[in-house]
Structure formats: C-alpha cells, structure tokens
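There are 2 protein chains.
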Amino acid sequence: MYGTILHAAGDVRFEHRPDPAIEQPTDAIVRLVATCVCGSDLWPYRGLSPVTRPRPIGHEYVGIVEQVGDQVVGITPGQFVIGPFFACDNTCPNCRAGFQSACDDVRWYDGCQSELLRVPLADGTLVATPELPADDLIPSLLTLSDVMGTGWHAAVMAGVQPGMTVAVVGDGAVGLCGVLASAQLGASRVIAMSRHEPRQRLATRFGATDIVAERDAAGVARVRELTDGVGADVVLECVGTGEAMLQALSSVRAGGMVGYVGVPHGVEFPVRSMFDRNVGVRGGVAPVRQYLPDLMTDVLARAIEPGLVFDLELPLAQVAEAYAAMDSRRAIKVLLRP
Amino acid sequence: MYGTILHAAGDVRFEHRPDPAIEQPTDAIVRLVATCVCGSDLWPYRGLSPVTRPRPIGHEYVGIVEQVGDQVVGITPGQFVIGPFFACDNTCPNCRAGFQSACDDVRWYDGCQSELLRVPLADGTLVATPELPADDLIPSLLTLSDVMGTGWHAAVMAGVQPGMTVAVVGDGAVGLCGVLASAQLGASRVIAMSRHEPRQRLATRFGATDIVAERDAAGVARVRELTDGVGADVVLECVGTGEAMLQALSSVRAGGMVGYVGVPHGVEFPVRSMFDRNVGVRGGVAPVRQYLPDLMTDVLARAIEPGLVFDLELPLAQVAEAYAAMDSRRAIKVLLRP
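One line per chain: the protein sequences are A and B, in this order.
Note that this note's numbering gives residue 180 to position 180 of the first sequence, counting from 1, and the numbers run on in steps of one.
Note that this note's numbering gives residue 319 to position 319 of the second sequence, counting from 1, and the numbers run on in steps of one.
Mixed in with the good hints there might be a few duds.
So the derived label-pair ranges between C-beta atoms look like this [said to hold, decoys possible]:
#1 B/71 / A/42: 34 to 40 Å
#2 B/266 / A/47: 51 to 57 Å
#3 A/315 / B/98: 51 to 57 Å
#4 A/229 / B/186: 34 to 40 Å
#5 B/293 / A/163: 22 to 28 Å
#6 A/42 / B/9: 49 to 55 Å
#7 A/294 / B/10: 55 to 61 Å
On the chain B side, residues computed to face chain A include the following (Cβ under 7 Å) [stated by the list, open to error]:
#8 93
#9 94
#10 99
#11 254
#12 266
#13 267
#14 269
#15 271
#16 275
#17 280
#18 282
Every beta carbon over 12 Å from chain B, so not counted as near; a handful from chain A, in silico [to be verified]:
#19 90
#20 93
#21 213
#22 328
If you're looking for bench data, these hints aren't it; they were derived computationally from the structure.
Idealized CB from N, CA, C, for every residue including glycine.
Bound conformation, chain A alone:
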C-alpha cells in the first residue's frame, strides 16, 4: 500500500509501505475511505516540533473494515467505521469516566494518511455507522475522528450552558467546530475571533452571532465592549500558543472558565492574575471517543454539518499539496481520498 511519511520539516512524501497485518487478536485492518490533515500535523511540518527521523503521519480517518482479529466481537468486516485519533479499550476506569484519551492502554496510530490502517483495540476504538453512509456525509463523519470532537470538548471543558456568552479564540477547523459546539449546547451568543473572511462566513453558518476581527488588546477590548464590559462567560482556546491563551484568559469574565484544546506550545498560566479573577482553565487531549456516538447520530440525522470545515479535497497521493495549502492558510482543512 501507499502511505504518507514526514521526512523532515516541509518534506511530506506519499510512499510505498508494507501492508499492515493483524498483529494482536484485538486489531482490525481498515481500508480508508477518507483521511485528512490536522492543524497539529503542521507543528512538525513547520519544524516547530522536532522531526528526528522519517515517520508515518496522520491520525484522522473513516473507512471500511477489511479484517478483524480473533478477539474482536463488536466490529465486523464490511462495516463503515470512524476512529478517534487514538485507540483505547473503552473499558478502563478512565475510559468509563469519559476520558478515553487517558485510557490505561491508550495507543497511537502508525500514520493514518494511508490506504490501509491497523487499528489496535478495535472493539473499544471503532464506532460503526448503522449502514453505509451517503457519500456526502463522509466529510462530516470524518471530522468526528478529531476536530469536531475536539471543538466539542473545548465547549464541554469550558462548561458551556444554555444562555451563555462564549468567545472562541482560533478560526482553524477546531475553533470553527467549537463555534458549532457552543451553538449546539445552547449558548445564546457566540463570538468568533477571526480575521479571515471565508472563516468568518463559516463561523456564522455554524452559529456565531458576532465576529471579532481584532487581536491582542484590541480583541480583548472588543469582546468586553460586546459583553457590557465584563467579558465572555467562557472562552474556548483552540490554538495552543501563548498569545492565544492570553487572549482567552483576558477575554473571559471574572469567575469564568477557559476550555482549551490547542496542543500547548509556549503556553504559561499566569497563576496570580487567574487567582485574583477566579478564572479557571480546563482542557487537554480530547476524549473524542466519548462524544463520537452522539455526534455521529447528529451527523447522520443531518442536524449538524461539521464537514463544511473541509474547503479543499485532493487525492491522497497529493498529500504534500494538502500540507502546503494548510500551511499557507489557503485551505482551512483538506480532505484526502485514497
């Protein structure tokens, strides 16, 4: 089969690789129907996380089960499945508490931007659709592998409740999904912080009631202006930089919460000012497996369409172009079909 290898910063290649095989009796082999590039893939692509040797890359996928190991009982060949961006047993205490990303037996995939994938712990990891989904639902189902579940997690961690005012920092796919999640969870006001017109449009389509194009101090001032001077009830931080976190912490009201899901790069928490204002933070690696069944139901019912975050579709063989398009922000998110 062919799969994607990140050789070095900026150097992505679609290469011949050995076909994956069942290694453990709990494995499944999935033939991918669609995969994509994640904002977090851009960290090593941009050289902001070290790339010490060539490695397979990608962690989002939907596909058709080809084969299962002897101990797999809930998943069968032929099913259309969605996998969270990690494998988990879904039975340990952390999984049962809804934090599958902290599964006692969590596993990370060996590169999902490929034609075939070995999925460990298939029973705990994979969620199958009741029947083969319509083709136009594939993009939205694919987002449940990561970005939609991650945006949803930001909103859950922030504690979004009906009637609240939410501000969202970050207009990437996760931030946009955070807007959608906030609206779905009943926020009466959703302030999307974005300077890019196509992303502003999508934020509005996802339920944003206000757009703030300003950044830094001006952005904070604008959020305060929109909220009677007090700040948003909660803020979703969907970037992962120190600047974005400060923007979030400064835009939230006294007593408010920041839900954060951007992988932290240079983030520090200013303890004393958080203490003085009773501003809390909660977030982390999103347990998207928790949210997957409910969000899948919503997608299949066409109640939500998170797949709109994909504004470019390419053949998987053109994966290098997909990275380049996202790196230059020509595309919000690129869907790849093997």
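Starting from the known structure of chain A, fit chain B onto it as the hints suggest.
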C-alpha cells in the same frame, strides 16, 4: 479604640488607634463582637510577604452595628452582622454573577483585629442575622467571614457533586472547612490529608471518610490506593504553596478538577501534564459574600458547626499570642474577643 498593628515580621502589637468614623454615606461603623487570625495573616507575620511599614491587620469579623451613613438603607444600628473579608457593592455585574471578590468597587478593610471597624458599602457588604444570635453560635458565624466560605468556594470551584470522591490538601481551618463543604455537597468519600491528630479528628467530625497522613509521592500513592488506582474525582488545594498544588494535581484523576483557594506563593501550573491528563484548575479569592446568607441559615439551624475550627480563644488584647500560637501550629485558629 485599640486595634492590631503588624509592625514587622513577628512583631504584632495591640495599640491605641483613632476611632473610625463615617467617611462616606454608604459606610457603617461596627463594634466587633469577635474577630480572628487568618492563615493568610501568617504570610507577612512570617516574613514571607514583605512588611514595608507598620499596618493594621485582620479581615474577619462579626459585630453589632453602631452607626450607619445617610445612604445605608438595609442595615440598621443594633443589628448583629457578618462581613465577608472584603467590602463590595453586591450590585455590579461581577457581584450579580456571584463573584463579589471581583466587585467593580471592591474595598479592603483597614484592620479588623480591632474594637471598632468602618465598613464601606455597608448595604452590599454586611449580612445581618434575623435576631441576636446565641453566644455559642458566634464562632461558627465568624467563620462565614472567610474560612468557611473559602473552603466552600474550593468545593464549588472543583465542582463537587453528590457521590464524588474528594481529596483535600491542607489541614488548616480552610482545608477543614473544605472537608465540611464537600460532605455537605454530597461527596460520598472525603479524603483529608493531614499528619496532625487533632486536625485529623476534626476532619473526621466534619465528614472525612479517610485520612491520609503521608505527603508528597507517598501521599499521592495513598490517594490512588484508596481510589482504585485512578485518583480522586476532584481535589481541593487549600494551602497555596507549590508543593501543595503539585500534591493536588498529582492526586486527581484524569479529567478531574482542582479547586484552589490558598493564596498562591510559588505556585506554577505544569501546562503540559495538565493538558495530557485533562486536569483543570479553578479558584481564587473566594466570593464569600455569595455563600454567606445560605451558610448563615445552616449555622443558625445548627446544621453545620464550622466554628469548631477555633481551638483557642483569647482576649483581643492578647492578639500577639494568637499569632504565635498559630505560627507554631499550637492552634488551628484563634478566636479573639474585644
């Protein structure tokens, strides 16, 4: 009148001071019935916060209203009142949201370890009992000025819910009140971390189901042992040191919350490990004014007895001995009567 002046680290004196007078039409003058020494008073007493010049000290009190300014409408002379450890208007957006410690017009007192006190913003700040309380209720009512409301806040910020397992770091008056709060909020298991037998006893009386005497890594291991290896659902951090915060963050389960109310001294949040485990933090200067009316009702109904944290009572004139007793941990908390 006489009041307490902190001259320098370790140097507390009870001295003649001018009687306070109404300065603004929203002021009240209160003749104190009881006051006390707070754990946070020990920071400057121990030289851990700088004392640059002699200053009045103390922020907890109950008393009888002597006089009110022209614009005070809800409080009248003769009433028995409890004040939170700060003055607030209780009408601004932050107050209405329940975060009175972030009141737009918050004021800090000029030393409550005294005979008379000027209370600014009397209508917003003071809470009067329906009638003069029985003398044996005075200690419990006094705790509502700070430590009981602060322990309660830790539990609220951590999100204590019925059935949860809570661990409490810190066996000072606030930590003990955090134990009481957790039990009142329905925690099914409350693990008090304490090495001191009298404090362990009081924790048990307040509702602790388990005592952990170990500290640091051994303390964390013991909490995990008690919780099937996963950690407590939430942890209350009631000290304010870096060690206590690390103890709290390490004792909580993946996806759990740390509610913190100890004034941070040398606390840093380890962003990456918090992110990896989805552990959140929320807390700050406790808006005890929010909790005061309900907790007062509970005290007057004798449903809770937080006043048990006072294990020494002295005449206010012996305030220096009160500091010494708390500094050496001979006393948990000292009540002072003018």
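Tested hints:
1. B/71 / A/42: 34 to 40 Å: Taking Cβ atoms as reference, residue 71 of chain B and residue 42 of chain A lie about 59 Å apart, which means the hint is violated.
2. B/266 / A/47: 51 to 57 Å: 35 Å, violated
3. A/315 / B/98: 51 to 57 Å: 55 Å, holds
4. A/229 / B/186: 34 to 40 Å: Given range 34 to 40 Å: holds, Cβ gap about 36 Å.
5. B/293 / A/163: 22 to 28 Å: 24 Å, holds
6. A/42 / B/9: 49 to 55 Å: 52 Å, holds
7. A/294 / B/10: 55 to 61 Å: Since the Cβ atoms of residue 294 of chain A and residue 10 of chain B sit about 60 Å apart, the hinted range of 55 to 61 Å holds.
8. 93: 5 Å, holds
9. 94: With Cβ-Cβ at 5 Å, under 7 Å, it holds.
10. 99: 4 Å, holds
11. 254: Cβ of residue 254 of chain B sits 3 Å from chain A, so the hint holds.
12. 266: Violated, because the Cβ-Cβ distance from residue 266 of chain B to chain A comes to roughly 9 Å (cut-off 7 Å).
13. 267: At 5 Å from the nearest chain A Cβ, residue 267 of chain B passes the 7 Å test, so the hint holds.
14. 269: Given a least distance of 4 Å, the restraint on residue 269 of chain B holds.
15. 271: Status holds, d = 5 Å.
16. 275: 4 Å, holds
17. 280: 3 Å, holds
18. 282: Because about 3 Å separates residue 282 of chain B from the closest Cβ in chain A, which is inside the 7 Å limit, the hint holds.
19. 90: 14 Å, holds
20. 93: For residue 93 of chain A, whose nearest Cβ neighbour in chain B is about 5 Å away, the distance does not exceed 12 Å, so it is violated.
21. 213: 25 Å, holds
22. 328: Consistent with the label, residue 328 of chain A stays out of reach of chain B, its closest Cβ about 27 Å off (over 12 Å).
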